[in-house]
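Chemist: As a plain string of letters, each chain reads:
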Amino acid sequence: MTATATPLGTAAPLPLRGRQWPLAPFLYLAPMIVLLAVFTYWPLLHTIYLSFVQWNMNPDQPMRWVGAANYSGIFNSPLFDAAFRNTLIYIVASIPLKVLLPIPIAIFVWTLATRGQVYRALLFLPTLFSFTVVAVVFLWLLNPIGGHFVQVARLLGGQWPNVLTDPDLAIWTILLISTWKVIGFNTLLYVAGLASINRDYVEAMRLDGASDWSLVRHLLWPLLTPTTLFVLISTVIFAIQQVFTPIDIMTEGGPQNGTTNLFYMVYQYAFRTFNVGFGAAGTVIIFAFLLAITLIKMRTLDRHVQYQQ
Amino acid sequence: MTLGTPWRAVGHLVLVLLCLSMVVPLLVALGMAFKPPNEVYSLVPWPQAPTLDNFRRLFEQVPFHLYLWNSVATTALRVGGQIVIAVLCAYAFARWEFPGREWLFGAVLGAMMVPHTLTMIPIYMMIAELQWFDTWRALVIPNLAMPFAVFLLRQHFRSFPRELFDAAEMDGAGHWRALWLVVLPNLKPVLSALAIILFIDCWNEYFWPLLVTDAPESRTVQIGIREFLEADHNDFGGLMAGVTLASLPALAVFFVFQRKVMDTFVASGIK
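First to last, the protein sequences are chains A and B. For what it's worth, my numbering labels the leading residue of the first sequence as 1, then goes sequentially. For what it's worth, my numbering labels the leading residue of the second sequence as 310, then goes sequentially.
Be aware that a few hints might be false.
Claimed, not checked - In silico contact screen, one side only, chain A against chain B (beta carbon under 7 Å); selected entries:
hint	residue
1	Leu36
2	His46
3	Phe124
To be verified - Okay, the calculated beta carbon distance ranges per label pair:
hint	chain 1	residue 1	chain 2	residue 2	range
4	A	Pro167	B	Glu539	22 to 30 Å
5	A	Gln117	B	His542	22 to 30 Å
6	A	Arg199	B	Pro525	52 to 60 Å
7	A	Tyr41	B	Ala476	50 to 58 Å
8	A	Ile89	B	Ala476	52 to 60 Å
9	B	Arg317	A	Leu223	16 to 24 Å
No lab work stands behind these hints, which were simulated from the structure alone. Glycine included, each C-beta is placed from N, C-alpha and C at the ideal position.
All chains, please: the whole structure from these sequences, using the hints.
Modeler: What follows is the structure, encoded as C-alpha cells:
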C-alpha cells in the first residue's frame, strides 16, 4: 500500500451516490442484522418474560404467569446457594491463577525475545484441544483405580485422594484443570501486550541504573494494564460459561452440588427438569451478576488503567 | 532486557515445568490410544506393543464415523456462513454513510457482549417449535452471526486504501463487483486467519450440540466422546482413540499455519 493512500477509518465513508440504490447498504447488512435480532436480542427479551411464567417445555401445556415467584423460589433453594457460592469461588480463585500468575511468566518469556519460540508454541498447545478432550484426559489421569496420579502417589509412598468425589476438593480440581487449559493462552496475551515495547528504551532505562523491579513497576506493569483488564473480563466470563464442559463431563455439578455454578444450575433447571421459569429467572440473575461485575470493574479500574498511546 | 543469572535459571525452571505439565498429559493420552488393554495401567507413556484395536472398538461401539461427518459438515457450513455474512456486513459499514449507521454498528458490537448463556432457552424453544432437533440446521443457523468477525474485519477495512474503491468505481465497477474484484482479494490473509479461528472454535464446541442433538447419528465428535464415555466407563483405550481423532484437525491446522494461528488467536482473545 502506498504512503499516500487514505485509510478508510480516517476519512468518512462514501456517501450514497445518486445512481446507487439507496437500500443497497441495508441489503448487505440484512443477514447479520436479522440473525442478531432473531438469535440474540429477541431471546434476551424473551428470557426476561419467561422468568415470570411457569412452564415445562411441553407445547400442550399453557404458560402460567406467576410474577416473581420463580425468583423467590430460586433464592430459597439450596441449589442456588451452592451455585452462587461456587461461582464466586470460580471467579475469585481464577484471578490469581489465570490473571496474575501469567504476568511474571510472560515478562520472562518476553525477555527471551526470539529464543522463547519453543515456550510460546508449547504454552499455546492446550488452546487447540477442546475442553471435552481435556476433561476426559484428566478424568482418566485422576481415576481412582490405577489412574496416573494414584500410581505416582503410591510410588512416592503417599496416597492420592479421590478428588472428584470429595465435595471440598472437586471444585479445586476443576479450577486447576481450567487453569491448565488457559494459563498458556493468557501468558501469550501478555507477551503480545509487551511486544509493543521498544527494547532500546528498556536498555536506556537500564543504563540509567534502573533495577529489574523498577523496570517492571514503572514500565512493564503500566503498559500491561489494558491487557490485564481484557484478561480479567474474559476470565470472569470463562468462569461462568466455559467451565460448563468440565463440570458436565467430570462431576455433573456434584458431589453434593460442590462444583455446580450459576450456568450449570440454569442448565439443570431448564433442560434437565424442564422448569423454564426457574431457568429463565436464573439467566436473568446471571445477567444482573455480569452487569454488576462489569460496573464494579469499570468504577475501580478506570482510575488505575493507564492506556498506552 | 536481560535478567541476572539466578532469575534466568528460576524462569527457565518454571517454564520447563509448566510446559512439561502441558505436554505430558497429552502425550499420555496419545500413547493410550495405541496401547493394548494389558498396558493401560502402565506408567510408560508409549505402547510396548502398539495396536489399532482401540480405534476399531471406538467405531464398533458408537457410530464415530457419523460423528466425524456431522462435525466436518456442520463446521464447514457454519464457518462458511459466518464469514460470508460478516464480510457483507463489514463491507457495508466500511463503504457507505447511511441513516442509522452508528446505531446499527452499535447493535452489532453490542451483541458481542451477550454470552450464549443468556439466550439459550428461547433459542432452544424455537428449535423445538421448528422441529429442528437432530438436524444440521439446528447446529448451524443459530450460530451464523459472528459480531466478533465484523469487528476484526472492520479493523482491516480501516487500513484499506480508499483509492482502491475509487479506482474500481472509475472502472465502472458497482459495489457488488468491487467487493469481489477489489475487497476480497485484499482481505485474503485476514480471511484465512479468521477461518482458522472460527474452525477451531466450532469444531471444539460442546454446549450447543449437546443441547440440540439427541439421536446417536446426529451427534458431533465432541459429544460423541462423551457418548462413548457413557457407553463404557472403563474403556479408556477406546476413549483416548476418540480423543486423538477429535484433536487431530485442530492440531493439523496448527502445525501447518503455526505462526498465523497463534498471532490471530492472541489478537482475538477467543479460547
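Chemist: Looking at the structure, which of the earlier hints fail to hold?
Modeler: Going through the list in order, the structure violates hints 5, 7 and respects the others.
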